[in-house]
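There are 2 protein chains.
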Amino acid sequence: IENKRETELASLLAEVHYADVAEIINELDEEHATYLLKLLDSEKTSETLTELDEDVREAILSNFSAKEIAGELDELDTDDAADIIGGLPKGIVQEVISEIEDREHAKDIVDLLRYSENSAGGLMAKELVKVNENWNVLTCVKEMRAQAENVTRVHSIYVVDDEDKLKGRLSLKDLLTTSTKTNIKDVYIPKVDYVNVNEKPEEVAKIMSKYDLEAIPVIDEIGRLVGRITIDDIVDVIKEEAEKDYQLAAGISQDVEADDSIWQLTKARLPWLFIGMMGGIGAASIINVYEGAFVKFPILLAFIPLMQATAGNVGVQSSAIVVQGLANDTIKGEVWGRLGKELLLGLVNGLALAFVFLFISHFGFDTSYLVSLTVGIALVTVIVNAAIIGTFIPIFLQKRGIDPAIATGPFITTSNDVLGILIYFSIAKVILNF
Amino acid sequence: IENKRETELASLLAEVHYADVAEIINELDEEHATYLLKLLDSEKTSETLTELDEDVREAILSNFSAKEIAGELDELDTDDAADIIGGLPKGIVQEVISEIEDREHAKDIVDLLRYSENSAGGLMAKELVKVNENWNVLTCVKEMRAQAENVTRVHSIYVVDDEDKLKGRLSLKDLLTTSTKTNIKDVYIPKVDYVNVNEKPEEVAKIMSKYDLEAIPVIDEIGRLVGRITIDDIVDVIKEEAEKDYQLAAGISQDVEADDSIWQLTKARLPWLFIGMMGGIGAASIINVYEGAFVKFPILLAFIPLMQATAGNVGVQSSAIVVQGLANDTIKGEVWGRLGKELLLGLVNGLALAFVFLFISHFGFDTSYLVSLTVGIALVTVIVNAAIIGTFIPIFLQKRGIDPAIATGPFITTSNDVLGILIYFSIAKVILNF
Numbered sequence: 022i023e024n025k026r027e028t029e030l031a032s033l034l035a036e037v038h039y040a041d042v043a044e045i046i047n048e049l050d051e052e053h054a055t056y057l058l059k060l061l062d063s064e065k066t067s068e069t070l071t072e073l074d075e076d077v078r079e080a081i082l083s084n085f086s087a088k089e090i091a092g093e094l095d096e097l098d099t100d101d102a103a104d105i106i107g108g109l110p111k112g113i114v115q116e117v118i119s120e121i122e123d124r125e126h127a128k129d130i131v132d133l134l135r136y137s138e139n140s141a142g143g144l145m146a147k148e149l150v151k152v153n154e155n156w157n158v159l160t161c162v163k164e165m166r167a168q169a170e171n172v173t174r175v176h177s178i179y180v181v182d183d184e185d186k187l188k189g190r191l192s193l194k195d196l197l198t199t200s201t202k203t204n205i206k207d208v209y210i211p212k213v214d215y216v217n218v219n220e221k222p223e224e225v226a227k228i229m230s231k232y233d234l235e236a237i238p239v240i241d242e243i244g245r246l247v248g249r250i251t252i253d254d255i256v257d258v259i260k261e262e263a264e265k266d267y268q269l270a271a272g273i274s275q276d277v278e279a280d281d282s283i284w285q286l287t288k289a290r291l292p293w294l295f296i297g298m299m300g301g302i303g304a305a306s307i308i309n310v311y312e313g314a315f316v317k318f319p320i321l322l323a324f325i326p327l328m329q330a331t332a333g334n335v336g337v338q339s340s341a342i343v344v345q346g347l348a349n350d351t352i353k354g355e356v357w358g359r360l361g362k363e364l365l366l367g368l369v370n371g372l373a374l375a376f377v378f379l380f381i382s383h384f385g386f387d388t389s390y391l392v393s394l395t396v397g398i399a400l401v402t403v404i405v406n407a408a409i410i411g412t413f414i415p416i417f418l419q420k421r422g423i424d425p426a427i428a429t430g431p432f433i434t435t436s437n438d439v440l441g442i443l444i445y446f447s448i449a450k451v452i453l454n455f
Numbered sequence: 022i023e024n025k026r027e028t029e030l031a032s033l034l035a036e037v038h039y040a041d042v043a044e045i046i047n048e049l050d051e052e053h054a055t056y057l058l059k060l061l062d063s064e065k066t067s068e069t070l071t072e073l074d075e076d077v078r079e080a081i082l083s084n085f086s087a088k089e090i091a092g093e094l095d096e097l098d099t100d101d102a103a104d105i106i107g108g109l110p111k112g113i114v115q116e117v118i119s120e121i122e123d124r125e126h127a128k129d130i131v132d133l134l135r136y137s138e139n140s141a142g143g144l145m146a147k148e149l150v151k152v153n154e155n156w157n158v159l160t161c162v163k164e165m166r167a168q169a170e171n172v173t174r175v176h177s178i179y180v181v182d183d184e185d186k187l188k189g190r191l192s193l194k195d196l197l198t199t200s201t202k203t204n205i206k207d208v209y210i211p212k213v214d215y216v217n218v219n220e221k222p223e224e225v226a227k228i229m230s231k232y233d234l235e236a237i238p239v240i241d242e243i244g245r246l247v248g249r250i251t252i253d254d255i256v257d258v259i260k261e262e263a264e265k266d267y268q269l270a271a272g273i274s275q276d277v278e279a280d281d282s283i284w285q286l287t288k289a290r291l292p293w294l295f296i297g298m299m300g301g302i303g304a305a306s307i308i309n310v311y312e313g314a315f316v317k318f319p320i321l322l323a324f325i326p327l328m329q330a331t332a333g334n335v336g337v338q339s340s341a342i343v344v345q346g347l348a349n350d351t352i353k354g355e356v357w358g359r360l361g362k363e364l365l366l367g368l369v370n371g372l373a374l375a376f377v378f379l380f381i382s383h384f385g386f387d388t389s390y391l392v393s394l395t396v397g398i399a400l401v402t403v404i405v406n407a408a409i410i411g412t413f414i415p416i417f418l419q420k421r422g423i424d425p426a427i428a429t430g431p432f433i434t435t436s437n438d439v440l441g442i443l444i445y446f447s448i449a450k451v452i453l454n455f
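Chains as they are written, first to last, in the numbering used here: chain V, 22 to 455; chain A, 22 to 455.
Quick caveat, the hints were computed from the structure, so don't treat them as lab data. Take the hints with a grain of salt, since some may be wrong.
Since copy identity is lost for identical chains, a pair holds within one copy or between any two.
[As the list claims (entries may be wrong)] Okay, derived cross-link-like pairs now, DSS-like style, lysine-lysine, Cα gap no bigger than 25 Å in a straight line:
1) K231 to K59
2) K65 to K420
3) K212 to K151
4) K163 to K128
Bear in mind that the values here come from a model prediction, so they are computed numbers and not experimental data.
Put together the whole structure using the sequences plus the hints.
As structure tokens, this is what we get:
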């Protein structure tokens, strides 16, 4: 399709949504991608840019002049524009900003660049509709009309005082049904949810989804209204958060995708494999110490993988439930209650498994009654222990202010592996007396 | 606080958002919860009901008469009302519906009950603003005003023909700036995203978040507009979906929470532990077969946990990335390309680990050079194998129409455990010639 049949391509692309155009461009090489992007009309070019993968976008923009980039930013909302600038090489940023025609817009974008990506300030846009509490309804409607020009979707009208401090919100219905001379002060709703610029994105997501909000105002340290966060940005936060936790549970740090380079994937995966290997070497040392037992009861060794697999699985199950509970705020405080419950749960699951094991080993393996009993008891103990460790570590990390999600996956599996083997041999030593 | 100081409690609760009231009530016993709920004003009672945990809600509603329940449903949007009715005991449903005062509302709720919870139809609400393409702007505005009464948030105005088929949408701006005599037919925007009633919720979520939509119309099999899904419901879908995948990866089937009963948790967790145990018993059988090797090279046994942990970790990492890629549609077709990449990645990671292992074993363990080499080569092979299995199984399941998320966690760990030990001993047998 790439034989430079410009007019055909252009009319074809005009029919396609910018999110789909972005998906196509993500798959092309740099030259073709730039070519295709320049065929689009200006508004669509800028919208497509916001949807591209970051590395693709940066590669393409390196073929654009500062003036061209500034032209695209002029079309975008301040939050999307700030995101794009954030990805540009340092040297060019100043030039791009100075080329933005709408100076108000440029000022807003520069303001947004100051906030960390990992805060409400980094998510918000400057586009919003706000009115002064001292205006009357008539002035208010006039001002609103001017402001609404720049705002794609008006979710709420926010009311501020002379110092720009957030006082409340205004319902469109009230505005239309009261006399034009009424003061805003007398009609606005003083109850309004808001977040601080420094709030974490996950907290903002929690608040907005709990209260079913479609937009939330953002205030600075002294209560001034500085921006607004809309639900579509929060959907992205929720998805990223879920993906990050999922990857951590699988032993993958950093945000990687299937299409990333071998080097990026190795960086994200290898450290966890090292942790696992250290555990394996630790287990080897323990087994070495108990070498004497091999001679008398070689069958004991055959059940090492069983202990290890069970300990690992139970640990991950327990920690996953706790990590989710902590993320949803459904677990509060009561550490001992939770530990007690996991202990009971571990006991129930452990006894069930041990019973089945005794049954299988009786018919399937040539083991003495005492060895089977040893394995059975060890199984229950290992499960209870893994359940408690899996519950305790995430709660402990959370209390220390560390993301408990790192406690799932290889971390918990490895510690339970080593502990499980240690418990197994200790119990065997007592019962079989070697 | 529960000393029946009604007026104080009532005024206290009046200040609190219904989502917070619901959180409080979730923690109370049935009697207190019912008491508290009846203190709220009617609108807040119904909104609080929608936010309660399902089992709590059902317990409380069993203390309400059919008439009382119907009164609450009258206040709710059709989708929330249908959700509540869906949880009531069969016997009472008919009675509750016949007690709903607004008969149109009752009809809409009954319509919604027909759709499966796991479809767009189960998510949508009947509340929306629609206009006929044959009306003129004046009629349209009049009708809209009447319809908007029942709709909390008007996101879009949908245009239908005489048979109620969805034709497009109307921009409020266009409506206000054109002459009142213009026909809707001449001003509406024919391009509109929509979903079919039978579409899966995850698909709806994908479409809405890709195109940043805040509401999407739902059509039936012959194109008639039957409802509307709003973004707040989709946020819930995305969160549930993420939680389900996370739990599956941790070996927990069914949707459970930390607060669920021991029995529910056991049901969700025990089956996966059985799978793991079967793997452990399989591994024991393999080790038993190679018993001859123990005598000559006992140190080989000490590294079983190392093989197993590494195989498990790599398998989970590979499968997690593939499962996520499949969920996001970023992996398309090209199975061989992906397998080749994982093979290369496994080789890089495996060689890195093997090198470190040789270093450690040289100084830390009393092993012969040949044994160390055996373990090193086995490590690389096990990692490459686990990476390929972890990639292949989810893709295979997806092609068969099975949710690939079940392929992460215990399932992949167990198969890699057993295979890893088999590979380890096979390589040892060849190199050490026992």
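Hints and how they fare:
no., hint, result
1, K231 to K59, "between (42 Å within a copy, 22 Å between copies)"
2, K65 to K420, "neither (47 Å within a copy, 35 Å between copies)"
3, K212 to K151, "within (15 Å within a copy, 31 Å between copies)"
4, K163 to K128, "within (24 Å within a copy, 42 Å between copies)"
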